[in-house]
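Chemist: Residue numbers (full-length UniProt numbering), protein chains in the order written: chain A, 1 to 446; chain B, 1 to 446; chain C, 1 to 446.
It is possible that part of the hints are untrue.
In silico negatives: residues of chain B with every beta carbon more than 10 Å from chain A [stated by the list, open to error]:
hint : residue
1    : E5
2    : G50
3    : N52
4    : L74
5    : A75
6    : F192
7    : D199
8    : P306
9    : D316
10   : L335
11   : R339
12   : G369
On the chain A side, residues computed to face chain B include the following (Cβ under 8 Å) [to be verified]:
hint : residue
13   : C41
14   : L188
15   : G334
16   : L335
17   : R337
18   : S346
19   : M362
20   : P363
21   : D375
22   : R378
23   : S384
Read the hints as simulated data drawn from the structure, not as lab findings.
Note that beta-carbon positions come from the ideal geometry of N, C-alpha and C, so glycine has one too.
Here are the chains, one letter per residue:
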Amino acid sequence: MLSNEDNEILCRVGQGTPMGELFRRFWLPALLSSELPAPDCAPRRLRILGENLVAFRDSEGKVGIISAYCPHKLAPLYFGRNEENGLRCVYHGWKFDTMGKCIDIPNLPSKSNVQALKDKASITAYPAREAGGMVWVYMGPSDLTPDMPGFEWLDVEPQQNHVARWLQRTNWAQGMEGEIDSSHISFLHREFGQAGWLDPVVKVTAPIPPGTTDGAPVMTIKETPYGLVYGARRNNNSGLYLWRVTQWFVPMYSMIPNGEYPRSGRAWVPVDDYNVMVFNYTYRADRPFTSEEWDYLESGPSFPPPKEEMAVELDDGYVIDTWVPLARKENDYGLDRNRQKQVNYSGIEVVTDQDRALQENMPSAFGLGPGRIVDRSREMLVPSDIPVITARRILLKMAKQLQQGIEPAAPNDGSLYRNLSLSALAPESAFDDFLAAQSQADSEAT
Amino acid sequence: MLSNEDNEILCRVGQGTPMGELFRRFWLPALLSSELPAPDCAPRRLRILGENLVAFRDSEGKVGIISAYCPHKLAPLYFGRNEENGLRCVYHGWKFDTMGKCIDIPNLPSKSNVQALKDKASITAYPAREAGGMVWVYMGPSDLTPDMPGFEWLDVEPQQNHVARWLQRTNWAQGMEGEIDSSHISFLHREFGQAGWLDPVVKVTAPIPPGTTDGAPVMTIKETPYGLVYGARRNNNSGLYLWRVTQWFVPMYSMIPNGEYPRSGRAWVPVDDYNVMVFNYTYRADRPFTSEEWDYLESGPSFPPPKEEMAVELDDGYVIDTWVPLARKENDYGLDRNRQKQVNYSGIEVVTDQDRALQENMPSAFGLGPGRIVDRSREMLVPSDIPVITARRILLKMAKQLQQGIEPAAPNDGSLYRNLSLSALAPESAFDDFLAAQSQADSEAT
Amino acid sequence: MLSNEDNEILCRVGQGTPMGELFRRFWLPALLSSELPAPDCAPRRLRILGENLVAFRDSEGKVGIISAYCPHKLAPLYFGRNEENGLRCVYHGWKFDTMGKCIDIPNLPSKSNVQALKDKASITAYPAREAGGMVWVYMGPSDLTPDMPGFEWLDVEPQQNHVARWLQRTNWAQGMEGEIDSSHISFLHREFGQAGWLDPVVKVTAPIPPGTTDGAPVMTIKETPYGLVYGARRNNNSGLYLWRVTQWFVPMYSMIPNGEYPRSGRAWVPVDDYNVMVFNYTYRADRPFTSEEWDYLESGPSFPPPKEEMAVELDDGYVIDTWVPLARKENDYGLDRNRQKQVNYSGIEVVTDQDRALQENMPSAFGLGPGRIVDRSREMLVPSDIPVITARRILLKMAKQLQQGIEPAAPNDGSLYRNLSLSALAPESAFDDFLAAQSQADSEAT
């Protein structure tokens with residue numbers, strides 16, 4: 001349960017909002033590097049934290065993420081010409097570099113003070129970096145530029161890390177919360193004949209092993225400098241417990257518990273208050289994916305789900321370039337009631353589609369239609385929701401503190417993002433042992 | 001003409017509105033029994049009086065109409081598993097019976113006080129009954145549970161009563177008023193070569209007989225305990241008058257005048273302020289329909305119109321399971337200007353489509369777009385509209401009285417709904433005779 | 001740059017708004033004469049200046065433009081029967097002539113005072129005229145009925161004047177401004193291998209001749225009693241200058257500069273605040289178009305662009321009958337990045353589609369989505385925008401004066417609209433010579 005007031009603080013991300021400002025203290029995934037495949041290729045339309053932006057790769061290969069509009073007559077730069085180290089508006093030829101600097105104004109009569117106008121005509125540009133197959137953007141104050149998060153998947157070779165993104169039509173928090181909800185995998189993601197879901201090729205998700213029928217895990221949780229880690233302990237008939245230990249990193253990173261590689265997780269980057277871009281990574285630190293594995297990951301139906309690339313018109317008419325899952329509201333997410341009787345718990349084929357079907361159809365607060373911002377004032381949380389409750393509390397606290405001028409610490413220490421999740425059959429002490437080892441590793445890293 | 005204030009009272013049906021509360025004093029058709037064909041079949045998404053609901057048939061065949069959302073994390077129950085006498089949310093397995101009682105919470109650790117939480121977790125459920133091929137729902141206070149309306153068509157055998165439903169994209173009153181507008185059948189529904197429309201197979205609508213060119217009926221009206229009855233008298237060259245005597249039952253039931261079986265009519269159940277579900281019945285008390293007749297009714301184009309089953313996204317994004325007429329706004333209702341010159345008055349093929357084409361495109365009050373809530377402050381009513389004027393007055397009076405604590409009487413006497421409409425060539429005294437006979441029958445019934 | 005306040009005055013055109021009232025002082029193109037091809041043909045749905053209207057041609061060939069709704073029950077007259085000199089509502093047969101006069105009410109009982117009701121039942125009708133292949137409408141006070149504009153293209157034979165219309169999804173001013181922006185043709189409309197665009201068949205647009213690489217024209221402007229005329233002077237390697245002299249007529253007429261026939265231009269008639277109907281004319285005063293030229297104009301891709309006829313649902317659900325360009329937002333305006341690299345500056349094929357792609361995606365003021373009313377408070381205008389700045393100033397002044405009771409003069413002198421635009425290689429004095437000649441011609445005409 002969350003008051004309407006806190007729910008609004010949690011969910012709204014525009015400029016000047018508490019959570020919007022908190023997100024603007026972190027590097028965020030913006031798009032995939034492969035979407036800008038070559039110098040001077042076509043630009044891509046983005047919206048991040050409610051701001052309309054265009055990404056392009058200049059002649060030297062550098063990525064720029066700049067305002068979507070030319071400052072002259074506000075023509076959309078997406079239609080621009082990407083050439084000779086700048087994106088040129090097609091209306092009157094004004095040109096901008098990756099820093100947003102106006103570097104040409106060709107429609108001024110010769111006696112004009114061109115340089116003065118160019119200086120005035122610079123547009124919003126956010127620093128962009130590439131790592132782990134993604135373009136990252138930092139949209140906060142330039143004097144507070146943070147560390148990149150030190151995720152292991154940002155350091156491996158390209159063939160070892162598969163990334164994807166797709167659009168979910170809900171507020172960001174609605175999606176993110178599903179990632180730290182250990183209990184639901186025993187229900188929503190259950191395949192009959194096994195206790196959880198297992199991707200048959202890449203084996204990205206550790207199965208809940210046979211002998212674990214327990215859908216009511218006992219939760220132990222610990223707040224950390226980077227967010228939280230929790231252990232979900234399930235009874236198992238082996239004499240040991242199934243422990244699923246999950247890391248969650250502010251402001252919105254998940255890492256699915258697994259005992260070994262591949263590891264997988266997601267970043268939930270707000271498009272605006274009502275849409276979120278899901279960035280998915282699946283990587284192995286030990287070896288490259290085989291071509292069979294790679295093809296499987298590309299085609300779905302593991303993580304990511306089967307999807308298609310398209311230009312999507314958002315509610316207000318702004319268009320973004322993205323991928324959209326094939327299973328969606330218009331086709332009832334491919335729900336098959338026979339599959340639901342015979343094959344799996346939900347009747348929907350793919351794991352992330354199962355989550356999204358529910359999240360995109362929850363009732364909203366603030367008089368909004370279903371799927372926008374779930375009405376957290378009406379929910380009824382239980383012990384298995386402690387990670388969600390804690391994550392909300394952490395985020396609200398950080399956002400409110402930031403309003404009082406207290407900057408968050410996590411953005412300045414990327415090494416905090418090195419920690420891993422875990423899934424194992426282990427004794428009751430496993431979570432304490434895990435925390436001790438992590439604490440030891442952290443202090444050695446410092 | 002109606003003031004904006006009264007128009008709003010007439011049309012808005014959400015919880016707490018005067019008309020919304022009045023509707024909540026009656027049993028209302030909710031869906032067709034055939035939509036829930038077997039125990040544990042797939043649930044159906046409904047919206048009634050602005051409330052989002054799910055209907056399901058449990059393992060014992062009993063129908064439940066409950067809140068659309070699980071109280072835990074507000075996941076949509078439509079995606080749920082219907083099994084072992086309850087609908088189970090697929091998110092974490094919480095289960096609800098047809099009374100809305102929470103009967104299982106499988107994701108609680110064993111030491112939790114499960115029973116206490118179950119008691120707290122009950123959700124809205126409205127009493128449901130089946131009669132006449134429909135599932136009925138009562139959404140009002142439980143201590144005021146009304147009588148079922150005593151319609152003859154609720155008592156005949158299934159093969160004697162054909163029912164259907166479809167969505168109209170207008171406020172409920174906009175559609176209902178067309179049913180008590182005797183004059184328009186001489187125009188909108190006129191087929192050239194005859195004065196009205198006649199279904200060639202089932203003969204559901206009594207034709208306006210040859211010799212009746214009079215489109216300006218003289219109206220006589222009488223308020224009744226259940227609504228009103230009016231006689232529309234047209235000149236006819238036989239020496240007799242064409243009398244069409246129409247019953248209208250609060251809050252929104254029509255019965256088309258006919259001299260014999262089959263009889264037909266509709267219930268206009270508000271989906272929300274801007275959409276209405278039309279429930280259509282066509283029955284014979286004298287014999288079952290032949291299979292030819294039945295097939296004809298199923299396929300249209302009598303009542304119901306040709307239609308397709310689909311999941312429809314309403315304005316705010318909520319999805320309902322329903323039928324939608326094939327003739328609709330996107331295809332100009334199949335308007336054919338040659339047909340309009342040669343075959344019938346409107347150029348649209350099917351009777352209810354003719355009405356709907358007009359009603360879905362009337363200009364709205366309250367700054368709303370066409371088709372929502374017609375701007376009754378601008379209309380210019382004439383004598384043939386007296387039944388409409390009277391019905392509005394009756395409804396507004398009942399709704400306003402209810403606000404003052406005066407409960408309506410009609411819900412408590414289902415026998416009032418037994419009266420029939422009539423169409424006949426008869427002398428000038430016919431309506432008085434009809435009223436006298438009805439009064440006699442009523443007093444004998446009491 | 002324009003304040004939000006002035007931007008709103010410039011753009012909003014509903015009844016009672018300053019600019020809406022100014023538009024209501026002029027004859028405006030409403031639809032094409034060819035859309036009403038014969039007496040008693042099908043009516044057409046229009047919206048002009050935010051008012052919902054229906055156009056029909058009566059049995060004698062006269063065009064009526066009347067309210068979209070019958071006053072009785074507000075049924076849409078579009079579905080009406082057009083017969084015997086009137087449009088008859090199909091609901092109850094009420095009939096209206098081209099003046100909006102109610103001429104039949106067939107559903108009144110004989111003793112009713114039919115004539116009194118008919119008198120009361122007259123509906124809004126605006127005077128309509130036909131000229132130049134278009135139906136024109138005047139929506140202002142009847143005692144201020146203006147002159148028709150004296151455009152040359154209104155006086156030529158039908159085979160000499162090709163007209164078309166299509167819908168643009170922006171405010172009217174957003175489109176109109178592109179017409180008096182000389183600079184952008186050197187960029188947006190550039191075809192590689194030549195300095196501007198040249199239609200290969202009709203040769204409607206004077207090319208920017210070889211030797212003119214100058215995209216920064218020096219602008220000279222003169223306000224006139226009918227609007228403004230400006231000269232855009234470009235350097236040319238011939239020893240002469242390229243002069244493009246453009247006429248702009250209040251409230252929104254353009255005329256593309258050309259040295260000879262054909263001449264071409266557009267009228268930008270507001271549908272409502274967020275949509276504009278573009279009326280395009282292309283004519284020769286010297287001879288009829290050949291059939292090859294005519295077919296080319298009909299098919300696009302000159303002016304008009306390739307387009308399809310359809311019924312379009314506007315934002316609030318009201319439907320208009322119009323043409324819509326094939327290149328549109330849903331297909332990214334046919335943008336081809338290879339074409340943009342190899343063939344032309346924008347990568348979009350057709351001139352007006354190039355403009356529209358930009359204009360329909362500019363960011364809006366007033367919290368509106370892209371493409372509605374561009375946020376002029378954020379723009380950064382330069383010398384080449386002087387005609388736009390001047391036109392805004394003229395319009396705002398006229399609109400504000402009208403609010404103070406000062407009527408505009410231009411509506412009362414149609415001869416002012418006889419002036420022509422010009423494109424030529426000429427010496428520096430050309431614009432002064434042009435103005436002198438025009439002044440001479442004007443005084444001779446007076």
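Chemist: Please go over all the hints and tell whether each is borne out by the structure.
Modeler: Taking the hints in turn, this is what the structure says about them:
1. Every C-beta of chain A lies more than 10 Å from that of E5/B, the closest at about 22 Å, which supports listing it as non-interface.
2. For G50/B, the requirement that its beta carbon stay farther than 10 Å from each beta carbon of chain A is met, with the minimum near 12 Å.
3. At the 10 Å boundary, the C-beta of N52/B falls inside the reach of chain A, the nearest C-beta of that chain being 7 Å off.
4. The claim that L74/B is not at the interface with chain A is violated, since a C-beta of that chain comes within 10 Å of its own (minimum 5 Å).
5. The claim that A75/B is not at the interface with chain A is violated, since a C-beta of that chain comes within 10 Å of its own (minimum 4 Å).
6. For F192/B, the requirement that its beta carbon stay farther than 10 Å from each beta carbon of chain A is met, with the minimum near 42 Å.
7. In this structure D199/B is separated from chain A by more than 10 Å, as the shortest Cβ-Cβ distance comes to about 35 Å.
8. Residue-level check passed: P306/B sits 23 Å from the nearest beta carbon of chain A, beyond 10 Å.
9. Its closest Cβ contact with chain A, about 3 Å, brings D316/B to no more than 10 Å, contrary to its assignment away from the interface.
10. Against the 10 Å criterion, L335/B stays outside the reach of chain A, whose nearest CB is about 27 Å from its own CB.
11. No Cβ of chain A approaches the Cβ of R339/B within 10 Å, the least distance being about 33 Å, so the stated non-interface status holds.
12. Consistency note on G369/B: stated as away from chain A, and its beta-carbon is indeed over 10 Å from all of that chain's, at 17 Å minimum.
13. Hint status for C41/A relative to chain B: violated, with the closest Cβ pair at about 35 Å, above 8 Å.
14. Look at L188/A: its Cβ gets to within about 5 Å of chain B, closer than 8 Å, so that hint holds up.
15. The interface hint given for G334/A is violated, since its Cβ lies 12 Å from the closest Cβ of chain B, which is over the 8 Å cut-off.
16. Interface restraint check for L335/A: the shortest CB-CB distance to chain B comes to about 7 Å, inside 8 Å, so the restraint holds.
17. Annotation: interface hint on R337/A holds; nearest CB of chain B at approximately 5 Å, less than 8 Å.
18. The beta carbon of S346/A is positioned within 8 Å of a beta carbon in chain B (closest approach about 5 Å), and the interface hint is therefore held.
19. Taking 8 Å as the C-beta cut-off, the interface hint given for M362/A holds, the closest approach to chain B being about 5 Å.
20. Hint status for P363/A: holds, given a least beta-carbon distance of 6 Å to chain B, under 8 Å.
21. Of the supplied interface hints, the one on D375/A holds, with its beta-carbon coming within about 6 Å of a beta-carbon of chain B, less than 8 Å.
22. The beta carbon of R378/A is positioned within 8 Å of a beta carbon in chain B (closest approach about 6 Å), and the interface hint is therefore held.
23. Nearest Cβ of chain B to the Cβ of S384/A: about 5 Å, under the 8 Å cut. The hint holds.
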